[in-house]
Amino acid sequence: MSSVELLFRIVIGTLIAAVGGIVIGLAAKGVDRKLHARMQGRVGPPLRQPFYDVLKLFAKDNTVPDNAVGWMFNAAPVICLAGAITLLLYIPFGSILPVLGGHGDLILLLYLLIIPGLAMVVGGFSSGSPYATVGAQREMVTMIGYELPLATAVIAIAAKMNELFPAEPAFALSTIAAHPLWGEMGLLGIIGFAILAMIMVIVTPAELSKIPFDTPEAETELAGGLMVEYSGRNLGLFYLADGVKTVVMGAIIVALFIPHNLSPVFTGIAQGSIGAYMVDFGFFLVKLAAVVFFAVTVLRTAVARLKIAQVVTLYWIPLTMIALLGLILMMWDSVPMLHIAPWLGGA
Amino acid sequence: MARLNKSFDKALWVFHVNSGSCNGCDIEIVAALTPRYDVERFGIKLVGSPRHADVMLITGPVTKKLSEKVKRVYDQMADPKAVIVVGTCGCTGGTFYESYTLDGPVDNVIPVDVYVPGCAARPEAIIQGVVKAWEKLEKLRGDSV
Chain Z
165 MSSVELLFRI
175 VIGTLIAAVG
185 GIVIGLAAKG
195 VDRKLHARMQ
205 GRVGPPLRQP
215 FYDVLKLFAK
225 DNTVPDNAVG
235 WMFNAAPVIC
245 LAGAITLLLY
255 IPFGSILPVL
265 GGHGDLILLL
275 YLLIIPGLAM
285 VVGGFSSGSP
295 YATVGAQREM
305 VTMIGYELPL
315 ATAVIAIAAK
325 MNELFPAEPA
335 FALSTIAAHP
345 LWGEMGLLGI
355 IGFAILAMIM
365 VIVTPAELSK
375 IPFDTPEAET
385 ELAGGLMVEY
395 SGRNLGLFYL
405 ADGVKTVVMG
415 AIIVALFIPH
425 NLSPVFTGIA
435 QGSIGAYMVD
445 FGFFLVKLAA
455 VVFFAVTVLR
465 TAVARLKIAQ
475 VVTLYWIPLT
485 MIALLGLILM
495 MWDSVPMLHI
505 APWLGGA
Chain F
1107 MARLNKSFDK
1117 ALWVFHVNSG
1127 SCNGCDIEIV
1137 AALTPRYDVE
1147 RFGIKLVGSP
1157 RHADVMLITG
1167 PVTKKLSEKV
1177 KRVYDQMADP
1187 KAVIVVGTCG
1197 CTGGTFYESY
1207 TLDGPVDNVI
1217 PVDVYVPGCA
1227 ARPEAIIQGV
1237 VKAWEKLEKL
1247 RGDSV
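Those protein sequence lines, which keep their order, are chains Z and F. Residue numbering for the first sequence follows our numbering, starting at 165 and increasing by one per position. Residue numbering for the second sequence follows our numbering, starting at 1107 and increasing by one per position.
There are no misleading hints in this set.
Some residues of chain F that are not near chain Z, with every Cβ distance over 10 Å (derived):
| hint | residue |
| --- | --- |
| 1 | Gly1130 |
| 2 | Gly1200 |
| 3 | Glu1204 |
| 4 | Lys1242 |
Some, not all, of what chain F presents toward chain Z, calculated at C-beta under 7 Å:
| hint | residue |
| --- | --- |
| 5 | Asn1111 |
| 6 | Lys1116 |
| 7 | Ala1117 |
| 8 | Pro1141 |
| 9 | Asp1144 |
| 10 | Gly1149 |
| 11 | Arg1157 |
| 12 | Asp1185 |
It should be emphasised that the hints constitute simulated quantities derived from the structure, not laboratory data. Here the structure is a predicted model, which means the values were calculated and not measured. Even for Gly, the Cβ is constructed at its ideal location relative to N, Cα and C.
Construct all of the structure, not just a fragment, from the sequences and the given hints.
Written out as structure tokens, the structure reads:
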């Protein structure tokens, strides 16, 4: 492929990922709000509500407070949205390969995941409001909190990949997507893998600042926290970034834990045809909706907000311990169990 | 006011200010959010910061201590914006009419678009007030187009 062709592919791919990510993200937010309302016994807003919200926010004035650092204040929402869209370029959607698939892996994804959160922190600190400062500090502390279980889950998967398929790059999402681990391990490994999936589902609401981990935004105590001084277009950009981040986290969980495709089931559809891509993409959307439903909607309906100290303690001690247990079980799976516990069978 | 698009009516974010109210109207505002009345059906949402808000829902007769704060909150809201007064106190002063502790009623302090009388105003009346605010926004759109 010539470099012009590659550049063309990247530009078009980025445009499609940006538009698609924003549309799917807003739709996911709409579904989330509708289901949240239904579970509370309300009728709830129409599914198109997030689109109305964004159009309205872009029509409003964009206020920059006097004691804000203007350029940083205005740059933060753009960086946040751009960071979230960049993440989309590395994640496979169904059988559609990522635009920049060959250039990055899971480690890069972990680092890129920090950028939207960091942009929010910068925006909060630069807005010159004590509420925003407290919110920004809480966001940083939350990020420090959930990195540990998140990294444990990713390392466990990569280590297993390296062990089972030493010829392929262990951290590449394409390797992980090509070999769903469920069928490759014994009972212990499957239990460990399920534990790690649960950990990722619990990390998601913190990444997205959703109840019970929405301490940085905490409308009732911090009046919106990080976002307190943002209005109009800037708030709209953060709103879009939140939608895209929802898609990103959902897509990462789908890619790591349920990368199965539906098209091989239908023998009538040729592999690699447009039809197969459509079927896989539709199935991907269903999986994404299921992940968002459990990770965001059910959790935020069922529980109240935690205090910031509780958030950090929860991530650092119980959840990291559980994630390490998952890791140990997955590693143990490959040890010949007959020497240790013959009744377990093992690999 | 060419910036007022149709999405504006469907996504009103509300900031609630208590300017010395007895809490009666505030409870009715919260009641409008409950499953029985569920104003989120119409895209109406309570927000925590005046910067995010399109509508200021103000209760109470505006005491001297709070009139500066009410003005500040009004200035902090981004244009275009609307103000809805909920309760008799805010509309006329009510039982506190001509009290020496008041700077109010609300329209002495900030421009008001919709008055919702009642002590306390019923949730139905508050929703009706929001509908009146829509009509005002529609009229503004009609002028500009």
